[in-house]
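> Those protein sequences? They're chains A and B, same order as listed.
Per my numbering, residue 4 is the first one in the first sequence, and the count goes up by one each step.
Per my numbering, residue 401 is the first one in the second sequence, and the count goes up by one each step.
In short, the hints are calculated from the structure, not lab data.
On a predicted model such as this, the values are computed, not experimentally measured, just so you know.
Heads up, a few of these hints could be off.
Using 25 Å as the maximum straight-line C-alpha spacing, the simulated DSS-like pairs for lysine-lysine come out as follows [said to hold, decoys possible]: (1) K702/B with K122/A; (2) K537/B with K122/A; (3) K623/B with K20/A; (4) K634/B with K702/B; (5) K555/B with K602/B; (6) K540/B with K9/A; (7) K509/B with K537/B; (8) K122/A with K9/A; (9) K581/B with K9/A; (10) K18/A with K623/B; (11) K636/B with K20/A; (12) K47/A with K702/B; (13) K9/A with K507/B; (14) K555/B with K634/B; (15) K504/B with K634/B; (16) K555/B with K122/A; (17) K88/A with K636/B; (18) K88/A with K634/B; (19) K504/B with K555/B; (20) K9/A with K509/B; (21) K540/B with K581/B; (22) K504/B with K122/A; (23) K546/B with K47/A; (24) K47/A with K555/B; (25) K20/A with K507/B; (26) K546/B with K634/B; (27) K546/B with K602/B.
The following label-pair restraints were derived from C-beta to C-beta distances [what the hints assert, rightly or not]: (28) S627/B with F13/A: 51 to 61 Å; (29) S627/B with T98/A: 30 to 40 Å; (30) G474/B with F13/A: 31 to 41 Å; (31) T23/A with G526/B: 21 to 31 Å; (32) V39/A with E560/B: 20 to 30 Å.
For each residue, glycine too, the CB sits at the ideal point set by N, CA and C.
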Amino acid sequence: MAHEHKLEIFRGLLKFKNNTQKIWGVLAFLTLVTAVEVVLGIIKPESLTGTSVLGMRLLNWIFIILTLVKAYYIAWDFMHLRDEKSSFRRAIVWTPIFLVLYLTFILLTEADYIYNVYKDGFVTWNF
Amino acid sequence: MSTTVTTGTGEKLWDGGNQPLGASYGKMMMWFFLVSDALTFSGFLAAYGFSRFKFIETWPIADEVFTHVPFTHGSYPMIYVALMTFILIMSSVTMVLAVDAGHKMQKNKVIWYMFLTVIGGAIFVGSQAWEWNTFIKGDKGALETKGGRILQFVKADSGERAALSDFAVTIPGDRVQHQNKNGIWFYGEGSMPSYSVNEVVKGFKENSNILVRTETINAEGEKTLLSREESLAKLKSATQVVEGANLIHNEYGSRLFADFFFFITGFHGFHVLSGVVINLIIFFNVVIGTYERRGHYEMVEKVGLYWHFVDLVWVFVFTFFYLV
């Protein structure tokens, strides 16, 4: 049985000699990303919590983007989606992405509306 | 074809031997199960987002809730959860190494890596149990108002959180536990909190260094501190003492936070637990040489996919529960 792995990450910027080495490389990268998240979460730099992008703090956007980066490398290298046929990979990846984006959009918009109802309504909730 | 192991033995085109997606039936079904499971978890996390956006001004701040590390005292926000994340990622690595060794038909290596994966998973589940225990037992204690809002206490000079035991006084004979033998309808009550509301309020009045902190988050992203007079006025609406958290009361703030904590991390923990069990089964299969005789280790690859998925979900839970 032939097992060819694609041994490049970061679009070919980093090439590994064999699969085992690539696994450790990806681990190092994921650990680094987690460490950055934790450090940012503890110190909470003023410049990142103060600025708001699209209704959310910049820091939270950074967390979400870093999470997606981690998810990408777990799925692509640990679950070796990188080595699967592109049609298979797309069926797996795009279906949830589409549905989740849709659901999040609907629910968060609705929640924001309810927040305003509570806030501007004539009923006291804090007593 | 890449890492795929073909289980088919060259059947005819219409006998299931055809693999247009280059993946065996079992592996593909595992993937489709994972897609549906991912949607389940997304539903939970989206519901969490819904509740959070609904109460965006009063939601608890996670770093103030999860501050404990086993065997230590003091406040170390996030450290332990980060360690748990690392343990889970690490066990994902040993899993992928087991899959890799399986492709090369190195039985002993597969055994060792599977073993390490199971150990990592067990440590993670244990940590989660510890985390639950700490969360349920509670930290500093708080008062709950008529409207179900939580009032916490802060030391005015240092700005640190004050535990109820730091200032509450003991009023002898203030309140006894109601037991079902004394009740008309034979209903008892659960465990009593360490202090009654009167004891906390009296202690508050005697100690001028304590201030009340409400759930409301101010512009700086911190919980609002009340002045001494506002605090005394607010304390009048307190109805009960809350220590720790369950599905109905939660000393950390919004009770929905506790509900979602139990539900989402519980559902994830259940996945980890079942993953450990499945990994164990496969581990013993490897030990007795089932896959050696079968000629390929695709089963290890399939449970590996499940295991990585558990890790993947945790990455999201970690972000949305603890970081954001």
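> All the hints need checking, so say for each whether the structure fits it.
Status of the hints after comparison with the structure:
1. K702/B with K122/A: violated, 50 Å
2. K537/B with K122/A: Violated, at roughly 33 Å.
3. K623/B with K20/A: violated, 52 Å
4. K634/B with K702/B: Violated. K634/B to K702/B sits at ~57 Å, over the 25 Å cutoff.
5. K555/B with K602/B: holds, 16 Å
6. K540/B with K9/A: violated, 52 Å
7. K509/B with K537/B: At roughly 42 Å apart (the allowed maximum being 25 Å), K537/B and K509/B break the hint.
8. K122/A with K9/A: The given pair, whose Cα atoms are some 54 Å apart, is violated under the 25 Å limit.
9. K581/B with K9/A: violated, 72 Å
10. K18/A with K623/B: Violated, at about 48 Å.
11. K636/B with K20/A: violated, 70 Å
12. K47/A with K702/B: violated, 40 Å
13. K9/A with K507/B: holds, 24 Å
14. K555/B with K634/B: holds, 17 Å
15. K504/B with K634/B: At roughly 68 Å apart (the allowed maximum being 25 Å), K634/B and K504/B break the hint.
16. K555/B with K122/A: Status violated; Cα separation ~30 Å.
17. K88/A with K636/B: violated, 66 Å
18. K88/A with K634/B: violated, 63 Å
19. K504/B with K555/B: violated, 62 Å
20. K9/A with K509/B: Cα-Cα ~22 Å, so holds.
21. K540/B with K581/B: violated, 32 Å
22. K504/B with K122/A: violated, 62 Å
23. K546/B with K47/A: violated, 34 Å
24. K47/A with K555/B: Answer holds: K47/A to K555/B is near 23 Å, not above 25 Å.
25. K20/A with K507/B: holds, 23 Å
26. K546/B with K634/B: holds, 11 Å
27. K546/B with K602/B: holds, 19 Å
28. S627/B with F13/A: 51 to 61 Å: holds, 54 Å
29. S627/B with T98/A: 30 to 40 Å: Given about 54 Å between the Cβ atoms, the range is violated.
30. G474/B with F13/A: 31 to 41 Å: At 39 Å between Cβs, range holds.
31. T23/A with G526/B: 21 to 31 Å: holds, 28 Å
32. V39/A with E560/B: 20 to 30 Å: holds, 28 Å
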